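Enquirer: What follows is each chain in one-letter form.
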Amino acid sequence: MTIMMPAADEAVLHRRDSIVAALRQIVPGEGVIDSAAEMLPYESDGFTAYRQPPMVVVLPDTTEQVSQVLRYCHDNGIKVVPRGSGTSLSGGAMPLADAVLLGLGKFKRIREIDFDNRAVVTEPGVTNLAISQAVAHAGFYYAPDPSSQIACSIGGNIAENSGGVHCLKYGMTTNNVLGCEIVLITGEILRIGGKTAECAGYDLMGIITGSEGLLGVITEVTVRILQKPETVRALMIGFAEVEAAGECVAKVIGAGIIPAGMEMMDKPAIHAAEAFVHAGYPLDVEALLIVELDGPSVEVDELIKRVETIALGCGSTTCQISTSEQERMLFWAGRKAAFPAVGRISPDYLCMDGTIPRGQLPLVLRRMQEMSKKHNLRVANVFHAGDGNLHPLILYDANQPGEIERAEAFGADILKLCVEVGGVLTGEHGVGIEKRDLMPEMFSDIDLAQQQRLKCAFDTQGLLNPGKVFPTLHRCAELGRVHVHGGKLAFPELPRF
Amino acid sequence: MDILKVRDAADVEQAVRAALASEQPLEILGHGSKRQIGLPTATNAVLDLSALNAVTCYEPNELILTVGAGAPLADVLSLIDSKNQHFAFEPMNPAVLLGSGSDAGTVGGMLGAGLAGPRRIKDGGARDHLLGAHAVSGFGDSFKTGGRVVKNVTGYDLCKLLAGSWGTLAVMTEVTLKVMPRPECQHTLVLRGLDDVAAVRAMTTALGSPYDLSGAAHLPASALRAPEGALADIGAAQTALTLLRLEGITASVDHRAASLTRALAAFGVAETVTDDLSAGLWQSVRDVTPFAATGGLGAWPVWRIVCPPASGGVFGQQLARDTGGDVIYDWGGGLIWAALPQAPDAHAALVRQSVEAVGGHATLIRGTEAVRRSIDVFHPHQSGVAALARRVKHSFDPKNILNRGRMMREAAI
Numbered sequence: 001m002t003i004m005m006p007a008a009d010e011a012v013l014h015r016r017d018s019i020v021a022a023l024r025q026i027v028p029g030e031g032v033i034d035s036a037a038e039m040l041p042y043e044s045d046g047f048t049a050y051r052q053p054p055m056v057v058v059l060p061d062t063t064e065q066v067s068q069v070l071r072y073c074h075d076n077g078i079k080v081v082p083r084g085s086g087t088s089l090s091g092g093a094m095p096l097a098d099a100v101l102l103g104l105g106k107f108k109r110i111r112e113i114d115f116d117n118r119a120v121v122t123e124p125g126v127t128n129l130a131i132s133q134a135v136a137h138a139g140f141y142y143a144p145d146p147s148s149q150i151a152c153s154i155g156g157n158i159a160e161n162s163g164g165v166h167c168l169k170y171g172m173t174t175n176n177v178l179g180c181e182i183v184l185i186t187g188e189i190l191r192i193g194g195k196t197a198e199c200a201g202y203d204l205m206g207i208i209t210g211s212e213g214l215l216g217v218i219t220e221v222t223v224r225i226l227q228k229p230e231t232v233r234a235l236m237i238g239f240a241e242v243e244a245a246g247e248c249v250a251k252v253i254g255a256g257i258i259p260a261g262m263e264m265m266d267k268p269a270i271h272a273a274e275a276f277v278h279a280g281y282p283l284d285v286e287a288l289l290i291v292e293l294d295g296p297s298v299e300v301d302e303l304i305k306r307v308e309t310i311a312l313g314c315g316s317t318t319c320q321i322s323t324s325e326q327e328r329m330l331f332w333a334g335r336k337a338a339f340p341a342v343g344r345i346s347p348d349y350l351c352m353d354g355t356i357p358r359g360q361l362p363l364v365l366r367r368m369q370e371m372s373k374k375h376n377l378r379v380a381n382v383f384h385a386g387d388g389n390l391h392p393l394i395l396y397d398a399n400q401p402g403e404i405e406r407a408e409a410f411g412a413d414i415l416k417l418c419v420e421v422g423g424v425l426t427g428e429h430g431v432g433i434e435k436r437d438l439m440p441e442m443f444s445d446i447d448l449a450q451q452q453r454l455k456c457a458f459d460t461q462g463l464l465n466p467g468k469v470f471p472t473l474h475r476c477a478e479l480g481r482v483h484v485h486g487g488k489l490a491f492p493e494l495p496r497f
Numbered sequence: 001m002d003i004l005k006v007r008d009a010a011d012v013e014q015a016v017r018a019a020l021a022s023e024q025p026l027e028i029l030g031h032g033s034k035r036q037i038g039l040p041t042a043t044n045a046v047l048d049l050s051a052l053n054a055v056t057c058y059e060p061n062e063l064i065l066t067v068g069a070g071a072p073l074a075d076v077l078s079l080i081d082s083k084n085q086h087f088a089f090e091p092m093n094p095a096v097l098l099g100s101g102s103d104a105g106t107v108g109g110m111l112g113a114g115l116a117g118p119r120r121i122k123d124g125g126a127r128d129h130l131l132g133a134h135a136v137s138g139f140g141d142s143f144k145t146g147g148r149v150v151k152n153v154t155g156y157d158l159c160k161l162l163a164g165s166w167g168t169l170a171v172m173t174e175v176t177l178k179v180m181p182r183p184e185c186q187h188t189l190v191l192r193g194l195d196d197v198a199a200v201r202a203m204t205t206a207l208g209s210p211y212d213l214s215g216a217a218h219l220p221a222s223a224l225r226a227p228e229g230a231l232a233d234i235g236a237a238q239t240a241l242t243l244l245r246l247e248g249i250t251a252s253v254d255h256r257a258a259s260l261t262r263a264l265a266a267f268g269v270a271e272t273v274t275d276d277l278s279a280g281l282w283q284s285v286r287d288v289t290p291f292a293a294t295g296g297l298g299a300w301p302v303w304r305i306v307c308p309p310a311s312g313g314v315f316g317q318q319l320a321r322d323t324g325g326d327v328i329y330d331w332g333g334g335l336i337w338a339a340l341p342q343a344p345d346a347h348a349a350l351v352r353q354s355v356e357a358v359g360g361h362a363t364l365i366r367g368t369e370a371v372r373r374s375i376d377v378f379h380p381h382q383s384g385v386a387a388l389a390r391r392v393k394h395s396f397d398p399k400n401i402l403n404r405g406r407m408m409r410e411a412a413i
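Chains as they are written, first to last, in the numbering used here: chain A, 1 to 497; chain B, 1 to 413.
No false leads were slipped in.
Straight-line C-alpha distance at most 20 Å; calculated SDA-like pairs for lysine to any residue:
#1 K83(B) x G359(A)
#2 K399(B) x C476(A)
#3 K122(B) x L226(A)
#4 K144(B) x E420(A)
#5 K251(A) x P183(B)
#6 K399(B) x A477(A)
#7 K122(B) x Y141(A)
#8 K251(A) x K83(B)
#9 K228(A) x H255(B)
#10 K122(B) x D114(A)
#11 K122(B) x Q227(A)
#12 K228(A) x K122(B)
#13 K373(A) x I345(A)
#14 K228(A) x L264(B)
#15 K144(B) x T472(A)
#16 K305(A) x E184(B)
#17 K399(B) x E478(A)
#18 K251(A) x I249(B)
#19 K305(A) x R328(A)
#20 K169(A) x N61(B)
#21 K144(B) x D445(A)
#22 K169(A) x P60(B)
#23 K251(A) x N84(B)
#24 K83(B) x A250(A)
#25 K144(B) x G422(A)
#26 K228(A) x P210(B)
#27 K251(A) x R182(B)
#28 K399(B) x V484(A)
#29 K416(A) x G132(B)
#30 K399(B) x T460(A)
#31 K305(A) x A251(B)
#32 K416(A) x K144(B)
#33 K228(A) x G124(B)
The hints are simulated quantities; they were obtained by calculation from the structure and are not laboratory data.
Quick caveat, the model's predicted, so the values are computed rather than measured.
Build out the structure end to end from the sequences listed, making use of the hints.
Expert: In structure tokens:
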């Protein structure tokens, strides 16, 4: 357990009773939870290796209450951790001992469905899947589909800029959000964007999306919806070599085909998934690709032929093409159950989330095998191959002394490798606390200072979700100081015209 | 005036630091092709980025391109075209509208302006295609943000802010963009004679279908302008034209064109235009050639109005009536270009009041310097958002060195 959180402020902890009382003034009844037993469900999110009970949980059900809670916390110097459904895989919603946990679970209403403008206005606690379900009768859906979509909230999706298997073609959350209502830590309520393709002025919606709950609390979201494609079919292609599968991915993209999804699994992942769901995966291959095409049937049929030809050219050993929706779902069953499937073959696992340039896949998988030997831990890989997003699952047993530390060290090595080959630390799970201390692998102090200055524009006291994303906390006054270098020499040494 | 021709990012740092020391603002310039857009800036020093024009890396199979911010857009487009790729957001070339010659400007200017073309409804804007950047802030520090891969949530997505910030936050020196395969084939369905409201309804029907449109535009009939080029070729002078673009592999485009034609039967019989003529039409829509500086409406101010698409028809028709102006519609009604008769405020009060009523916003893209001095060129925010935008500007550029006053008046900073 190597990640340290900021030390709790004893003065705030001493004021706990009065803080709870003040919150009850704002959110009456059961909306304030302060008993240890009832706070238990909130002590971690989907990143379960770390747990911390909050000081108090507050569950407002109106924007006005959110505003009052934040204003109270701001005026009294109390930290706030926002939380949606608590499915973050990077600890973004992990509580702090001296912070109010602000849950948006009561914001469960879809406010408006506007088919003409192809937009849905919703409260942030609505699940990702519920939006698609609400518009399905008219043939529409909301495109981003993180694998937790049955449970994860749309507000949390905005905070994390969530992805999913179909973001190769349809983009991530940021490409599908039009506007929001956001409450700043001061309690100020702002509306950004709307049912328009772009917001006016600076793209504040773009910077709020993926800000991991550090900039404000979202109380309403406007997303764009799309018509469902007429046909969806998938190929399941096996390769005797990982390199050949990687080459196939590159050639499909190189041929100008952007599949709806293109997923890869390595041998350990294939075996674990097959043992769990019996999807009919070939067990004698080193890598399995699932390539999904969508659109009109004439287009899908044609592109399936092209992908099949490319796969054969890359030396595929098996290739199945779905002929029914049932068969397509079966191809996906193993991939979608990969995490629980791996959970059956190991007491615990760490799920990593780096992105690499597609072409580096064979190298990265090879180096990962070497690391597996070095750390003496098994690893299984599932991979959004189309956009280079890796999910290595590191298998360990938390009951064996020292194993979690080894697993974390292995994970850090993988992410450093991702950066080394031109990739990034996280593709869709967020930095949170999990990757916080690795940020300097990718960003210099100056890079991080600029990001933190932006944080200061929203939250000068650093009260919203502190201890997440940034490895070192700086005071805004210090970050905002302008250093004048070199004094009076105006534009020295530059060519002039 | 000092024109500082920087050779690399270190030069940019040095210039910004010197500007900080002397508290002198800098105008950030590529080729200057969009210099007439925005509030006139007060400066006596220009930072000329045109020498930062290297193609650092182009990897067609990875769908990425890294170039210096000063790289000429025309050269970059022809480079990626040679691999059958393009910028899917279809960047507008405002030269026709502004009468600023034939230069399409630089990649940095394209991103700073963030003016996306017709395909924005399908593939997003400039902000959706900027993956990473190296830039120099108003603190005089070089920083990087984003990366060279599409799927990336590591840290705040500063690229979103840089795109469309008109050089007011930081000086981009090198950028990484997503490139996409060029569609194999395009067809445009043309409906004739619809009024603006019916046309927007037809576009709404089309965009609400599964046929995956990559363009939906409407050009009302107008006695005010004479069509040229592709628009003249299909007879835009006589009747209003509603244009619906389908792109992809040939079999798919054929199928969708047939299905869409049936779905729109209530709006008339759609003709199909293909290949070069279709491409020409969309270039005219993208660059707003009906309002060309050299055309009949060349002297009129031009607004770029973004609104909820379904409300576009009623809004645009009313605006044209109220002002005696002319409008064309893109993005299925969600983008309206309005050329309005000359007026001291270019009708800013009317435009802003009526567009806010439908939940949209308006930017003056063409206007005389006198007009641009007298009105807000960019849509003014509500007070809370305006204050936040000022704090964001301050967090990048505390002394207001970079393109001072171009988006917000100095007094407002």
